[in-house]
Amino acid sequence: MHHEIEVSGLSFAYPDGHVALRNVSLHITPCEKVALVGPNGAGKSTLILHLNGILNGGSGTVSVCGLEVKKENLARVRAMVGLVFQSPDDQLFSPTVYDDVAYGPIYQGLSAAEVDGRVREALQAVRMSNYARRVSHHLSMGEKKRIAIATVLSMKPEILVLDEPTAGLDPRARRDLIKLLDDLPITMLVSTHDLRMVQELFPRMVIMDEGRIVADGETAVLLKDQALLEAHGLELP
Amino acid sequence: MHIHFLDPFIAGQSAIHRLDPRVKFVLAVAFILTAALTPSGAWPVYVLLFALAMGVIVLSELGVGFVFRRAVLALPFVLAALPVIFTLPGVPLFSLSLGSWGLTATADGVERFVSIALKSWISVQIAIVLSSSTPFPELMVAMRAARVPRLLVSIFGLMWRYLFVLADEAMRLLRARSARSGATGLPGMKVGGSISWRGRVAGGMAGNLFLRAIERSDRIYVAMLSRGYDGEVRDLPLPPLRALHWLVLICGVALLGMLAIFGFLFYG
Amino acid sequence: MLYAPLPMHIPDGFLSVLVSLVLWAATILVVGYSLRRVGQDLGERQAPLMGVLAAAIFAGQMLNFTVAGGTSGHLMGAAIATILLGPWAAILVLTTVVGVQALVFQDGGLLVLGANIFNMGIVGVAVSYFVYRTFQRLANGKPWGIFVGGFIAAWASIFIAALAVALQLAFSGTSPANIALPAMGGIHALIGLGEGLITVGALAFLYATRRDLVTAGEGQVKASSAVWVAGLLIALALAIASPLASAHPDGLEWVAEQRGFLDAAREPLYNVIPDYVLPGIANESLATILAGILGALIVFFIALGVAYTRRKRGTAS
Ligand SMILES: Nc1ncnc2c1ncn2[C@@H]1O[C@H](COP(=O)(O)OP(=O)(O)OP(=O)(O)O)[C@@H](O)[C@H]1O
Ligand SMILES: [Mg+2]
Chain D
0 MHHEIEVSGL
10 SFAYPDGHVA
20 LRNVSLHITP
30 CEKVALVGPN
40 GAGKSTLILH
50 LNGILNGGSG
60 TVSVCGLEVK
70 KENLARVRAM
80 VGLVFQSPDD
90 QLFSPTVYDD
100 VAYGPIYQGL
110 SAAEVDGRVR
120 EALQAVRMSN
130 YARRVSHHLS
140 MGEKKRIAIA
150 TVLSMKPEIL
160 VLDEPTAGLD
170 PRARRDLIKL
180 LDDLPITMLV
190 STHDLRMVQE
200 LFPRMVIMDE
210 GRIVADGETA
220 VLLKDQALLE
230 AHGLELP
Chain E
0 MHIHFLDPFI
10 AGQSAIHRLD
20 PRVKFVLAVA
30 FILTAALTPS
40 GAWPVYVLLF
50 ALAMGVIVLS
60 ELGVGFVFRR
70 AVLALPFVLA
80 ALPVIFTLPG
90 VPLFSLSLGS
100 WGLTATADGV
110 ERFVSIALKS
120 WISVQIAIVL
130 SSSTPFPELM
140 VAMRAARVPR
150 LLVSIFGLMW
160 RYLFVLADEA
170 MRLLRARSAR
180 SGATGLPGMK
190 VGGSISWRGR
200 VAGGMAGNLF
210 LRAIERSDRI
220 YVAMLSRGYD
230 GEVRDLPLPP
240 LRALHWLVLI
250 CGVALLGMLA
260 IFGFLFYG
Chain C
0 MLYAPLPMHI
10 PDGFLSVLVS
20 LVLWAATILV
30 VGYSLRRVGQ
40 DLGERQAPLM
50 GVLAAAIFAG
60 QMLNFTVAGG
70 TSGHLMGAAI
80 ATILLGPWAA
90 ILVLTTVVGV
100 QALVFQDGGL
110 LVLGANIFNM
120 GIVGVAVSYF
130 VYRTFQRLAN
140 GKPWGIFVGG
150 FIAAWASIFI
160 AALAVALQLA
170 FSGTSPANIA
180 LPAMGGIHAL
190 IGLGEGLITV
200 GALAFLYATR
210 RDLVTAGEGQ
220 VKASSAVWVA
230 GLLIALALAI
240 ASPLASAHPD
250 GLEWVAEQRG
260 FLDAAREPLY
270 NVIPDYVLPG
280 IANESLATIL
290 AGILGALIVF
300 FIALGVAYTR
310 RKRGTAS
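Protein chains in written order, with numbering that gives the first Met the number 0: chain D, 0 to 236; chain E, 0 to 267; chain C, 0 to 316.
Next up, chain D with everything else stripped away, as it sits in the complex:
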């Protein structure tokens, strides 16, 4: 069973007691592309951080690619799930773009030549090949976002999880990104406020609010349900 995400009965409270997830269950089949939408504070990022074990300790189970996300499996899980954070400043911690994209492959123990190949490929995929030697810290928001995606593509993940990838992008960068995601043939879960992108790219959509999944179904159907959208603070494009 590959490329699959299975979340069942997941509840989670932050250390300060704030309950961010309540009994969330979600199944995503291989190569499916699913959008996760909902108002600010709905718990989208919290759910996403559970998918590779950055957050844990609640009740319920999460498994990816048939592997339960727990301490013994964390290293394997993290190699399979490519997680791109909401803010690229959190994602990029190395001096140069190259170093950052190379981190995952080096950590996995690939040889120098393989690492180099992976970095090239990943940068190519996000059309940032000539940025390898640039310093990530001083790039623009859109450039940083793309590099952030490259940092996980270089790990050749089986599942890609993105937290608000289009926020802060100009129309062209956004268009490029949508095309990029469309071309990638892997399982994908994307949290976003960009319903137009959802409409274009994702056949299935999951709506969260106040830590619960309130709707899960075909995008075309859900987007027609005016009452549902309004109830959860969503606006049709």
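Hints may be right or wrong, so weigh each one.
[Stated by the list, open to error] Simulated restraints, written as ranges between beta carbons of each label pair:
#1 177(E) with 235(C): 42 to 50 Å
#2 71(E) with 288(C): 25 to 33 Å
#3 217(E) with 111(D): 44 to 52 Å
#4 35(C) with 179(D): 54 to 62 Å
#5 92(E) with 67(D): 36 to 44 Å
#6 67(D) with 147(E): 22 to 30 Å
#7 186(E) with 211(C): 18 to 26 Å
#8 186(E) with 210(C): 17 to 25 Å
#9 77(E) with 59(D): 35 to 43 Å
#10 285(C) with 77(E): 46 to 54 Å
#11 210(C) with 179(D): 30 to 38 Å
#12 186(E) with 24(D): 51 to 59 Å
#13 15(D) with 160(E): 14 to 22 Å
#14 59(D) with 299(C): 41 to 49 Å
It is worth saying that the hints were derived from the structure and are not from the lab.
Beta carbons are placed, not taken as given, at the ideal position from N, Cα and C, and that holds for glycine.
Place chains E and C with the ligands on chain D using the hints.
Below, chains E and C with the ligands without anything else, positioned relative to chain D:
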């Protein structure tokens, strides 16, 4: 991830919480000084100091268990004093033989060791009560009252203000690193890279943090300038100490002084 | 709590009062002088930069990396602060970091805070400055001076500061010098490597992103003569004290002297206090038991009082 749980201050309404921070600060330091002055083996004094600390903990309503658990923090350092058990000359107590060479513990050595550990433990309890019952801005009031130069106090203040912001950023960097620290599980691959590479990655993250800090400090400076900062730190004068707090201060210092003299006279 | 400190913060109880006070005096002198120097050099920019960098160093101490067998490398930060800010501002930054660690997080005691600032702030910074400057001169502006110098400065700052801690423990009679010196030195010779790696990593990052920050320290060499003198004094003190302390394994001589001194001081006090004030206290175990009972009573009545006021508060609101 927010890490305000890093701030040890716990809001409360207890007598200790309401005591003037200057008085608290002086009494805490006086207590620790008394413990430090108490000669080793002066058990009655240690017992009384411990009772005093317990009394303060109870008064502070922080919970005895909470303070004890936190006080364990200082324990590892006790290792540094362990050798003294065996090296101090005195009445031999017991011997350990480790292979070819043996160690002989002496009564004096054990007494010194236990005294050091006790002093340390009691002192830490008081320090915990101080920091858990006094918000940092009030500690800064105590610093000012102790004539710590203004510039230094204002550095402390700025540090405190940005500590949580930067600790937050450090946590997010750690999170990003662990998100990409994966192993494919394929045989024959050495996961994790070399130690020196890992060290340099951690260093890069630190450099990243410093750079953000420096660039942020530029913005803070501009923001301060735009509100009329001219390099001179000004603050309001401290309010006078209330009579009741004076009384607590004097009684506390007198009591601790008596304990110190007592230990010094009969056990020194 | 997330951050794990170096085993270098001395808690209260481990240094004798005399050693603590002497180091407080030294620390106050040096920090006071640094405040004046920083006031002249950096001007009004000083406060925000130093405050935020202190926060960054504190937070940076959370950025560890695994070494082997569950141990990890950490940052103390004296070297990187010295390289970025020059010695005087670095002393203030480290003073702030160590001060907050003691005041708020009980990493290191309050009475021994002077000693901790002295070891990590003053010794750490002075050593870093010396080593780094020396390599800068040797490298004559080439970048290797920054990295090699940074690594060795970071390593040495940890190592020498650890020796200072060991000496202070020995002089306090807490730990025999012939054990404390090799043990602290040995452990921190290893820990220093971690500090070196992280420092080099941070320098590499800053060199790539903002070269001006790493090379800015060069403009601040004006400070040199006073620092050289301070550094020389520290080196001299270490050179003299180490063999001295090693020759008297448990610092006993020193403690004994203090005791003799105390005995002399006690005589007149005994004469003042009449014999009948505290009869029966001569029996030690009895005294301890009495103290225990008295203590238990005190705690009991305080607890009673607290419970009472709590109830009253509860019904009032
Ligand atoms: N570290 C934390 N500690 C306490 N509460 C938190 C923490 N992080 C998030 N929360 C809370 O958990 C809830 C869910 O947050 P989350 O970040 O998952 O929302 P989100 O759906 O991603 O929102 P957004 O669209 O704004 O990104 C929010 O109410 C938030 O305030
Ligand atoms: Mg979010």
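Status of each hint after checking the structure:
1. Separation of residue 177(E) from residue 235(C) is about 46 Å and conforms to the stated range, judged on CB atoms against 42 to 50 Å.
2. Between residue 71(E) and residue 288(C) the CB atoms are about 28 Å apart, so this pair conforms to the stated range of 25 to 33 Å.
3. Here the CB-CB span from residue 217(E) to residue 111(D) is close to 38 Å, at odds with the stated 44 to 52 Å.
4. For residue 35(C) paired with residue 179(D), a C-beta distance near 58 Å keeps the hint of 54 to 62 Å intact.
5. Checked against the hint of 36 to 44 Å, the pair residue 92(E) and residue 67(D) fails, with Cβ atoms roughly 53 Å apart.
6. Between residue 67(D) and residue 147(E) the CB atoms are about 54 Å apart, so this pair departs from the stated range of 22 to 30 Å.
7. Between residue 186(E) and residue 211(C) the Cβ separation comes to about 47 Å, which falls outside the hinted range of 18 to 26 Å.
8. Remark: the range hint 17 to 25 Å for residue 186(E) to residue 210(C) is contradicted by a beta-carbon distance near 43 Å.
9. Remark: the range hint 35 to 43 Å for residue 77(E) to residue 59(D) is upheld by a beta-carbon distance near 42 Å.
10. Taking 46 to 54 Å as the suggested C-beta distance range, the pair residue 285(C) and residue 77(E) does not conform, at roughly 29 Å.
11. Between residue 210(C) and residue 179(D) the CB atoms are about 33 Å apart, so this pair conforms to the stated range of 30 to 38 Å.
12. Distance hint for residue 186(E) and residue 24(D): a CB-CB separation of about 35 Å, inconsistent with the stated range 51 to 59 Å.
13. Separation of residue 15(D) from residue 160(E) is about 20 Å and conforms to the stated range, judged on CB atoms against 14 to 22 Å.
14. Take residue 59(D) and residue 299(C): their Cβ atoms lie about 47 Å apart, and the range 41 to 49 Å holds.
Of the numbered hints given earlier, the model fails hints 3, 5, 6, 7, 8, 10, 12; all others are met.
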